[in-house]
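In the order they appear, the protein sequences are chains B and X. Oh and the first sequence: position 147 is 147 in the numbering used here, straight run, nothing missing. Oh and the second sequence: position 219 is 653 in the numbering used here, straight run, nothing missing.
Rather than coming from a laboratory, the hints here were simulated on the basis of the structure. Errors might be hidden in some of the hints.
[What the hints assert, rightly or not] Simulated crosslink set (BS3-like; lysine-lysine; CA at most 30 angstroms straight-line): (1) B:Lys432 to B:Lys235; (2) B:Lys58 to B:Lys175; (3) B:Lys175 to B:Lys378; (4) B:Lys157 to B:Lys292; (5) B:Lys419 to X:Lys634; (6) X:Lys479 to B:Lys139; (7) B:Lys242 to X:Lys502; (8) B:Lys180 to B:Lys292; (9) B:Lys270 to B:Lys242; (10) X:Lys531 to B:Lys419; (11) B:Lys149 to B:Lys35; (12) B:Lys35 to B:Lys180; (13) B:Lys58 to B:Lys35; (14) B:Lys364 to B:Lys374; (15) B:Lys270 to X:Lys502; (16) B:Lys149 to B:Lys374; (17) B:Lys184 to B:Lys282; (18) X:Lys479 to B:Lys429; (19) B:Lys35 to B:Lys175; (20) B:Lys157 to B:Lys282; (21) X:Lys556 to B:Lys242; (22) B:Lys58 to B:Lys242; (23) B:Lys292 to B:Lys282; (24) B:Lys182 to X:Lys556; (25) X:Lys479 to B:Lys85; (26) X:Lys479 to B:Lys432; (27) B:Lys67 to B:Lys85; (28) B:Lys67 to B:Lys227; (29) X:Lys479 to B:Lys325; (30) B:Lys252 to X:Lys479; (31) B:Lys35 to B:Lys332; (32) B:Lys157 to B:Lys332; (33) X:Lys502 to B:Lys426; (34) B:Lys149 to B:Lys364; (35) X:Lys502 to B:Lys322; (36) B:Lys157 to B:Lys364; (37) B:Lys426 to X:Lys479.
[Said to hold, decoys possible] Residues of chain X clear of chain B, computed beta-carbon distances all greater than 10 angstroms: (38) Met573; (39) Leu586; (40) Arg637.
We treat Cβ as the ideally placed atom computed from N, Cα and C, and that holds for glycine.
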Amino acid sequence: MMRKRFIFSLASVLLLSTLLLAGCNSGKSTEGSGKVTLTFGTSQSGIPRTGIMQTMAKEYEQETGVKIDFQVVPDAQWRDLIKVKLASGEAPDIFNVDVDPLSMPANVRPEENAIDLTNEEFTGRMSEEILPTVSHNDKVYGVSFAPTKIWYVYYNKRIFQELGIEPPTSYAEFKAISQKIKDKDIIPFYQAPASGWYQVLPLFETGPNYEQTAAGTYEKLNNNEMKIADMTQLKTVIEQLKEFADLGYFGKDFLSNTVEAGIEAFGQEKAAMLLRVPGTEKEVSEAYPAMKDNMGFFVMPWGDNQTIGVNPGGSAAMFGNKNSKHPEEVLKFFRWITEHDHLQRVFDEGEGNLTICWPEIEPKLTQDYIDYEKNHEKGTVMQAAVKYIDPQWMDIGKDLSGMFAGAMTPDQILQNIDKRRAEQAKVLKDEKWQ
Amino acid sequence: MNANKIYPWYFSSGAIVLYLLFIVAPALLGIYYSFTDWNSYSSEKNFIGLEHFRTILAGDPTYLLFIKNTVLFTLVTSIAKTILGLFLALLLVSGVKAANLHRMIIFSPQVLSFLIVGLVFKSLLDPNNGFVNVTLRSMGLDVLAQNWLGSLTWAMPSIMAVDTWKGMGYIMVLFIAGLLAIPRDYYEAASIDGAGFGQKLFRITIPMLMPTITIATVLNITYGLRVFDAVYVLTNGGPGNATDVINTAVYSSFAKGYWGLGSALSTILFVIMAIISFFIIRLMNRKVEY
Chain B
1 MMRKRFIFSL ASVLLLSTLL LAGCNSGKST EGSGKVTLTF GTSQSGIPRT
51 GIMQTMAKEY EQETGVKIDF QVVPDAQWRD LIKVKLASGE APDIFNVDVD
101 PLSMPANVRP EENAIDLTNE EFTGRMSEEI LPTVSHNDKV YGVSFAPTKI
151 WYVYYNKRIF QELGIEPPTS YAEFKAISQK IKDKDIIPFY QAPASGWYQV
201 LPLFETGPNY EQTAAGTYEK LNNNEMKIAD MTQLKTVIEQ LKEFADLGYF
251 GKDFLSNTVE AGIEAFGQEK AAMLLRVPGT EKEVSEAYPA MKDNMGFFVM
301 PWGDNQTIGV NPGGSAAMFG NKNSKHPEEV LKFFRWITEH DHLQRVFDEG
351 EGNLTICWPE IEPKLTQDYI DYEKNHEKGT VMQAAVKYID PQWMDIGKDL
401 SGMFAGAMTP DQILQNIDKR RAEQAKVLKD EKWQ
Chain X
435 MNANKIYPWY FSSGAIVLYL LFIVAPALLG IYYSFTDWNS YSSEKNFIGL
485 EHFRTILAGD PTYLLFIKNT VLFTLVTSIA KTILGLFLAL LLVSGVKAAN
535 LHRMIIFSPQ VLSFLIVGLV FKSLLDPNNG FVNVTLRSMG LDVLAQNWLG
585 SLTWAMPSIM AVDTWKGMGY IMVLFIAGLL AIPRDYYEAA SIDGAGFGQK
635 LFRITIPMLM PTITIATVLN ITYGLRVFDA VYVLTNGGPG NATDVINTAV
685 YSSFAKGYWG LGSALSTILF VIMAIISFFI IRLMNRKVEY
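So that you can see chain B by itself, here it is in the shape it has in the complex (with noise of 0.2 angstroms):
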């Protein structure tokens, strides 16, 4: 009777076990009746212009059968839980990174990870721009639609007009507009430091002014001959966010801003100026339209700096899983979401930039972008171009924040980023740290 009861007792322990093990596969694709899923694992603003590829993924599915099941995660998390997803092995068959020539190899170990597309027809129509970002030692494994991306400051032409101020071109100009502006009770320039990354835009999107100024700045960088303490103008620019905050041209209590508050504010006219990327006119006259030809824009003159900062990599990009149980129905994706036809739609239909990576694509810039940028030098900005910065973004922010709360010292951040910058060169085994 006890030998029975014990035999029953583990089979059913057994059992019980057995069920939860199953319960925890990897929820990647599903097969059920036959039918192909691939999976879509994507941030929110990670996803090409997220309505219209969830529109032609159901155009997809229609056309060949294969369901398209996209997993959208808010932006703050994505990049981190794709680190373990794809580290556990429970990546999903298709998955966007934010993509720079410098960090794309760490984050996502694309030789153990991701679908070779060295040798599809598309990756040759890519922009050559762009190929780096996506590329690892000379393969090619992801797909982009997005942009090289510049940072403008964006302001408000009625305000500025009716204080007979114009746009500034260097960092005392730029500090005297501000305090006409403030004197109108109206916030100078709208800062977000709540969202945590926006702030550190000015550090590091000026860099191709510290380049100009020291050439070789960048590499030597790199190679760990210098340190980021050394960079005196970066810590000016830093000190001059400061000053902006101090003397209240961030506003009154702006350290809870976030980045989506921004449109509102500029668009009510209670903020004369804000960061953003082309295509902001469209997004802000959408939404309040008495805003219409009122927006102009300028290059952020902290640092007094006058050169544009481009970043290559621009966004996010799609990575087919090399593990995935279905890899040539993935590159049958991206083959078809690549047809020019589709790539116009993409465009044309998605919201957002005026420019996408792909030359036959003809971009929508407007007279004054192009006039803009034939007027003024150009540049790589400095995250896409140092190592160790892109993924210390987040901390570098919690820092300024710090600043601007009076807890740290522009000293004090620039040490916490060499530091950091040590600690993953240190995780890398760099030989330039050893």
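Mind docking chain X on chain B? Use the hints.
Same frame as chain B, now just chain X:
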């Protein structure tokens, strides 16, 4: 009826298997990983001994700040929840009207997710348009309006206050159960002897409540040391690292892909919790004799 009936051990084997599989094994693996250089940038996991522990405990002011904030948060919220929980419990068992309704209202925040509570309080404490500052300004008390979650002075106290508000209902319910279990005879006898409220509180109520206070304290401390959601939702550790605690640092380490380092931080937290809980239980489990 055999009151001392001993059941076969395998009756509990199902629970034991689940416990080993989902609690013990991950915990042991976590401890093991804290001695490795496991990270998201490499598939290798090399044993590196105590290196992570040296990094954390060798006087790095950032890590020491995380530990200090965690301990401070734990101390303040534990004391506040215990005192307020006891006060409310005493009030509700003293015959106040609609006691059940009040109990339900005070307990209700406990059942809400901190994500919801955090978002509500973020809105209430918004320095520009939040209910708190708007109310203060409308009363002419502009000087009291603060950047509650964005300033070095107020961020941590604000988190502590929100967490105390959310958690005190649960502690109150524990105390109500403890208070109702104290025989009325003691109070009647004390009244006949002429004891006042204070004497009854300190000579009968608190000593008789010690087992409940022990449980409440251990719960408060273990919760306080593990705090994550309150800080993450309300300030994300900011401004700067001013409100970062050990678990937000663990999260941040994992987010950066430094999984070995994150595991080491978790291991340190585990050791701190085990030591503190051990001593508290030992200290407070002394017998109450009359």
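To see whether the hints hold, each was checked on the structure:
1. B:Lys432 to B:Lys235: With a Cα-Cα distance of about 24 angstroms, the restraint between Lys432 (chain B) and Lys235 (chain B) holds, given a limit of 30 angstroms.
2. B:Lys58 to B:Lys175: 51 angstroms, violated
3. B:Lys175 to B:Lys378: 24 angstroms, holds
4. B:Lys157 to B:Lys292: 10 angstroms, holds
5. B:Lys419 to X:Lys634: 59 angstroms, violated
6. X:Lys479 to B:Lys139: It holds: about 27 angstroms lies between the C-alpha atoms, which stays within 30 angstroms.
7. B:Lys242 to X:Lys502: Roughly 27 angstroms separates the two Cα atoms, so the pair holds.
8. B:Lys180 to B:Lys292: Holds, because 24 angstroms separates the two Cα atoms, which is no more than 30 angstroms.
9. B:Lys270 to B:Lys242: Status holds; Cα separation ~21 angstroms.
10. X:Lys531 to B:Lys419: 60 angstroms, violated
11. B:Lys149 to B:Lys35: Distance of about 39 angstroms is beyond 30 angstroms: violated.
12. B:Lys35 to B:Lys180: 64 angstroms, violated
13. B:Lys58 to B:Lys35: 14 angstroms, holds
14. B:Lys364 to B:Lys374: 16 angstroms, holds
15. B:Lys270 to X:Lys502: Violated - the C-alpha atoms of Lys502 (chain X) and Lys270 (chain B) are around 40 angstroms apart, more than 30 angstroms.
16. B:Lys149 to B:Lys374: Holds, at roughly 16 angstroms.
17. B:Lys184 to B:Lys282: With a Cα-Cα distance of about 27 angstroms, the restraint between Lys184 (chain B) and Lys282 (chain B) holds, given a limit of 30 angstroms.
18. X:Lys479 to B:Lys429: 13 angstroms, holds
19. B:Lys35 to B:Lys175: Roughly 62 angstroms separates the two Cα atoms, so the pair is violated.
20. B:Lys157 to B:Lys282: Measuring from Cα to Cα gives roughly 15 angstroms; hence the hint holds.
21. X:Lys556 to B:Lys242: 25 angstroms, holds
22. B:Lys58 to B:Lys242: 49 angstroms, violated
23. B:Lys292 to B:Lys282: 8 angstroms, holds
24. B:Lys182 to X:Lys556: With a Cα-Cα distance of about 27 angstroms, the restraint between Lys182 (chain B) and Lys556 (chain X) holds, given a limit of 30 angstroms.
25. X:Lys479 to B:Lys85: 17 angstroms, holds
26. X:Lys479 to B:Lys432: Holds - the C-alpha atoms of Lys432 (chain B) and Lys479 (chain X) are around 22 angstroms apart, at most 30 angstroms.
27. B:Lys67 to B:Lys85: 21 angstroms, holds
28. B:Lys67 to B:Lys227: Violated, at roughly 50 angstroms.
29. X:Lys479 to B:Lys325: Holds. Lys479 (chain X) to Lys325 (chain B) sits at ~26 angstroms (cutoff 30 angstroms).
30. B:Lys252 to X:Lys479: Violated, at roughly 48 angstroms.
31. B:Lys35 to B:Lys332: 15 angstroms, holds
32. B:Lys157 to B:Lys332: Not satisfied, since the Cα-Cα distance of roughly 48 angstroms exceeds 30 angstroms.
33. X:Lys502 to B:Lys426: Answer holds: Lys502 (chain X) to Lys426 (chain B) is near 27 angstroms, not above 30 angstroms.
34. B:Lys149 to B:Lys364: Holds: Lys149 (chain B) and Lys364 (chain B) sit about 14 angstroms apart, inside 30 angstroms.
35. X:Lys502 to B:Lys322: 44 angstroms, violated
36. B:Lys157 to B:Lys364: Holds - the C-alpha atoms of Lys364 (chain B) and Lys157 (chain B) are around 22 angstroms apart, at most 30 angstroms.
37. B:Lys426 to X:Lys479: 14 angstroms, holds
38. Met573: Non-interface label stands for Met573 (chain X): nearest chain B Cβ at 19 angstroms, farther than 10 angstroms.
39. Leu586: Given a closest Cβ separation of 5 angstroms, the condition is violated.
40. Arg637: 47 angstroms, holds
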